[in-house]
Every structure is written in C-alpha cells, then in structure tokens.
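First to last, the protein sequences are chains H and V. Once you know that position 8 of the first sequence is 266 in the numbering used here, the rest is easy, because the numbers rise by one and skip nothing. Once you know that position 72 of the second sequence is 89 in the numbering used here, the rest is easy, because the numbers rise by one and skip nothing.
Treat the hints loosely; a few may be bogus.
[Stated by the list, open to error] In silico lysine-lysine, BS3-like type, Cα no more than 27 Å apart, as pairs:
id, chain 1, residue 1, chain 2, residue 2
1, H, 300, V, 75
2, H, 341, H, 315
3, V, 75, H, 341
Hints are computed from structural coordinates only; laboratory data are not their basis. All values reported here derive from a predicted model rather than from experimental measurement.
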Amino acid sequence: EPEVTQTPSHQVTQMGQEVILRCVPISNHLYFYWYRQILGQKVEFLVSFYNNEISEKSEIFDDQFSVERPDGSNFTLKIRSTKLEDSAMYFCASTLQGSRDTQYFGPGTRLTVL
Amino acid sequence: AQSVTQLGSHVSVSEGALVLLRCNYSSSVPPYLFWYVQYPNQGLQLLLKYTSAATLVKGINGFEAEFKKSETSFHLTKPSAHMSDAAEYFCAVSANTGNQFYFGTGTSLTVIP
C-alpha cells in the first residue's frame, strides 16, 4: 500500500541553524500538508500546498518557514533560523483531493533544537 | 471555527475489555470527523471517518464510532481490547472551508494483560 515517507526520523540542531525536513507524498496525490505536534500538545496545522503554491497557512507558519516541491516527488519544509520552541514532531500528509478528503500521514520527523 | 476535545489523555483497559475513547467536536456546519491511530515510531493511520452518511461508522481492527449530533460527540469504541491496540489515538475534524484538519490532543491507550 502506498505510504507517505519522511526523512530524517530525528533531527537535532542548534538554535539559529537552518533545517530542511523532507517528505515524499503518495505519488498520485495533489495536496500536501505539514503539521506539527509539540510534546503534550495538539497536532497543529502549518501549511497546505497545491499546484506548486501555498493554498493555506496558519499563524504558526511565519517568515521563518517555507515549503517547496523541488521535483515531482519531494515536498520539503524549511525552517530558516530555528528557535527552541520549534522543537516538535513534524508530520507531512497528502491527499488526492482537497477539502475534507482523508489525509494520509507520514511517520513524522522529531526536531530537537538545542 | 472547528475544534475537537478528547477527554482523557491516558486510558487503561484490561485485555478483552471494552475500549471507549471520547471525542467531542465543535462545528457550525455538519462536520467530517476522523479517528487516527499512531503506533510507536509510525505515522498517523486512518481508523475510520464520518462523512455525513451512516451515523455508526465501522473502521479497521474492529473499531467503530458513532456520530451523535445532539451530544456533538464521535466516541471510538471496540468491544474487546487486544494487546496490539496499545497506541495513541487522535480525533480530528476537517475544516468547513479549506483543507486543514483540526486535531485533539490525543489519547494514549494502554492494554493490561
């Protein structure tokens, strides 16, 4: 069964450094998402991406964040200058259709900012 | 705005006992509701979803959930817990407009042998 994959599974970085989290969505899906979960808190929406542009973003997704689909398979989340409060589990998801369609999630990347 | 609340961050049941995980939602329009399960070191896996058809929804691994509009609830149940059910369970509601999901804080299920 097709699945969403994410790399790395765990990323440790120093505050102020740039990180890129990578995702490979399900191949025929058209909508892509990033969510994050700070330890003990809710899974929170960051951004959705369709047709090579951001379709929605939350208040969390400020200028420090960016997303990109550099080729036909990868979908990346970049954090330019990491802060301690960026430490969280980051989940990528994809759907074939958009609104209200089942979202298929990857295993997550645990980001630790020291 | 939509939201979900999951009561009980940790639930423990004995093997063979009923599993009941609670989820209440808030939505100004008929919602689409989802239950996901996360096993250790794995992604969120869809258990079941409600899309305004039958109010009793059956999912994988023997789980089911009942949509109750009067109670704004979508509780997840399984008649008999198995050791392999130990995991984190998330309830989610889809946005009325746009594509995002709103998640609860999750319930960690422990199954005691």
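- Item | Index of numbered hints that the structure contradicts, given in increasing order | 3
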